[in-house]
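Keeping their order, the protein sequence lines are chains A and B.
So in the working numbering, spot 64 of the first sequence is number 188, and the numbers just go up one at a time.
So in the working numbering, spot 492 of the second sequence is number 1430, and the numbers just go up one at a time.
If you're looking for bench data, these hints aren't it; they were derived computationally from the structure.
The reader is advised that the hints may include incorrect statements.
What follows is a set of in silico ranges between Cβ atoms, one per label pair, in the way DEER data are often shown [claimed, not checked]:
no. : chain 1 : residue 1 : chain 2 : residue 2 : range
1   : A       : 179       : B       : 1293      : 54 to 60 Å
2   : A       : 183       : B       : 1285      : 36 to 42 Å
3   : A       : 179       : B       : 1165      : 54 to 60 Å
4   : B       : 1051      : A       : 183       : 29 to 35 Å
List time: in silico SDA-like cross-link candidates among lysine to any residue, alpha-carbon distance up to 25 Å [to be verified]:
no. : chain 1 : residue 1 : chain 2 : residue 2
5   : B       : 1261      : A       : 161
6   : B       : 1358      : A       : 132
7   : B       : 1513      : A       : 138
8   : B       : 1303      : B       : 1204
9   : B       : 1256      : A       : 163
10  : A       : 194       : B       : 983
Rough simulated footprint, nothing fancy, chain B against chain A, three-plus residues with beta-carbon under 8 Å [said to hold, decoys possible]:
no. : segment
11  : 143 to 157
12  : 165 to 176
13  : 179 to 189
In this text, all values refer to a predicted model and were calculated from it rather than measured experimentally.
Glycine included, every Cβ here is placed at the ideal spot set by N, Cα and C.
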Amino acid sequence: MSESRTHRLPLVLFGIYLLLYGGFIAINLYATDLMELTPFAGVNLAIWYGFGLIIAAVLLAFIYGVAGSKANDASDADPENGEVSQ
Amino acid sequence: MIYEPSVLAVLVFFVFVGITLGLSFWLGRKARTSEGYFSAHGQIPWFINGVAFAGDYLSAASFLGICGMIAFYGYDGFLYSIGYLAGWIVALFIVAEPMKRLGKFTFADALNARFDSPGIQTAAGLSTLVVSVFYLIPQMVGAGALVTPLLGFPQWVGVVLVGVTVILIVVTAGMVSTTWVQFLKGSLLVIFSAILTLMLLARGFETAEGGADGHKLRTLGPFTTETLAEKLAQSEATKQWSVVAANSAWEKTPFVRLKDEEGAVTVWKKEEKQGGEFFLTEAQSLTKTPDGTILVNGLVKGKKKGEPQLHPVGHVSKLPGGKKKTGPLGFLSFFSTLQESEVVLWSKKVVKEKDDSVTTVYYQKPTPGSQVLRPGEHPRFKGIRSNDPIDKLNFLSLMLALFCGTASLPHILIRYYTVKNESAARKSTIVGIVTIGFFYILSLYMGLGAMTSGSIDVTNSNMAAPLLARSIAEWLFAAISAIAFTTVLGTVSGLILASAGAVTHDLMGQLLHVKMNDAEQVRVAKISSVVVGVVAIILGILFKDMNVSYLVGWAFSVAASANLPSLIMLLFWKKTTRQGIIAALVVGMVSSLGWILLSEDTFTKVYGLDAEAALVPFSQPGIVTIPLGFLVLICVSLITQPVSSSAASSD
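The whole structure should be built from the sequences, with the hints applied where relevant.
Structure follows, in structure tokens:
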């Protein structure tokens, strides 16, 4: 992974989460009744979306962790690359 | 409610505290240098540090406050869980690695890495102190609230007990022992919360007519205003009862007071039906008379089992399909069943009479499960269901402060210095997110479980989770209470250490130019820890009636407004100057503090004044003061660009 992509990745992941979080707040503020719908298994959207935000945070963190490890491995293999995160 | 100290709970509690202190003394041998004291020599393994993040972060507000809010109001408490976890995304993707790369001991180090400015160090040190003290108050209040039911001590004893224990932990070994205490507590909190949730699901729901003490809540009627006295006299159970005439304090309330055959005055809520008829549902009342006597449901409050006390509450009144019991439930069927059920929640109303006696009436509020599981029912989140744009802004502002606050909390930020490099900082944040996220998912189950457990104390929402555990098993109550207490210990240790670092390193070293060698730095830090600890004890006693999660909201707002703009702009805007950072820190801190002190919430809950007297339009400052911090930083930085070359300044 190139250094610029390594630098960009956390910002992209942050942007994705920001959209999800912003969507949750927007629905709460402007389409409140949507949160009462029960789209699956009799559980309402408020709970699905809330759990979804927590699980999304964990998934995005793992993606970042795996990408970061690969980048570290690459920089270890190529000393000229230096410390990726610096 | 009267809490009878359980021998098992007390034993488990002291074993926990004993182990914590023993661990602290044993590890204390390792910390002799300032680097060891403040940052554990950067040698904490990333996994341990990650779980310690959870131990540091899952404070009294998370465990006691959120579960309590869900138990009393439903889904809205979970909004805090969502906001608190979202903040970790900012910490992971934006703050974690640069913090590790730039700093050494404190948050101020990182901000000052490029400038070497005493002004930045001082302003950031002050901001650390202010945020830490704000965050300390609710932890101490939570500790007091816990110790009363657990050990039977007054609130102030609990506060002093936590204060002294924490001071011992921090003074003995600094960051090393604090980290291990937090690791221990973080692990136990998540494991026992998972056990509690599984036992809760295995128990399922059961309909009831009252709480766990077996008292069946009565409903009388139907009546009309004219036939009330007559119909009471006709019934065998109430034939000797009489209606207490409503005076000016009671006539505008929805309550009717009845005097029974023993002379006790009980309060009943009118449930209006069609055709002018109404039923009376049994309420509970707590009266403080001018001479200091406390009456419970019209009788002098007792001190022992069997004597007058408020009944524990919270029950399911209807299950889907008219069932009486569900049996074990799955992770999803728990919610789908509740969605189709009816739960009896409790609201309260305060009635002040002319003779200065004050009665708090707790009354039943049967609520459909679908309403319990939707957002917008708690007064703090009324913006969700309100058409008033100010209310909506208030909600948006709180969610913004929660999102931005985590990555600005000094006691969280210093944990990045306890691992050896940026990769370890990143990995430990990921472990923290997984641990904290898992706990927050459990918080919804525990809160709703407490709501329907028949064990809720209507006067104390903070006790919902421990009382839920008691409704399942005494040993679980003992363990959960002890863990809740160590929860407070872990967070308070981190906060005191962050404050001690700020005093020693940022304020004395930079502001007062006191030159200290390594041993002197550690000594000053230990003295600072004692002083901050004592201040926290005093504030914890003074603020004992304040809501825990409300106070934490203050700390998040101040942290996000004062610290985040500087941190973000330093990392992402090359034209940031030291003057810009100092201005943003000061303006963010002063404006958010000022806003809070002038808000409706503070006017009503702290000063006891009318809400209309508040000088700012809504209570949560974040949406104004966070952007203000950014704006001030940009303006001041642009004005104070070095004359020689902007390119040079960016380095």
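The hints, checked one at a time:
1. A:179 / B:1293: 54 to 60 Å: The hint (54 to 60 Å, Cβ to Cβ) holds, given that residue 179 of chain A and residue 1293 of chain B are roughly 56 Å apart.
2. A:183 / B:1285: 36 to 42 Å: holds (39 Å)
3. A:179 / B:1165: 54 to 60 Å: holds (57 Å)
4. B:1051 / A:183: 29 to 35 Å: holds (32 Å)
5. B:1261 / A:161: holds (24 Å)
6. B:1358 / A:132: Roughly 24 Å between the alpha carbons, so the hint for residue 1358 of chain B and residue 132 of chain A holds.
7. B:1513 / A:138: holds (23 Å)
8. B:1303 / B:1204: The given pair, whose Cα atoms are some 18 Å apart, holds under the 25 Å limit.
9. B:1256 / A:163: holds (23 Å)
10. A:194 / B:983: holds (20 Å)
11. 143 to 157: holds (count 6)
12. 165 to 176: holds (count 8)
13. 179 to 189: holds (count 8)
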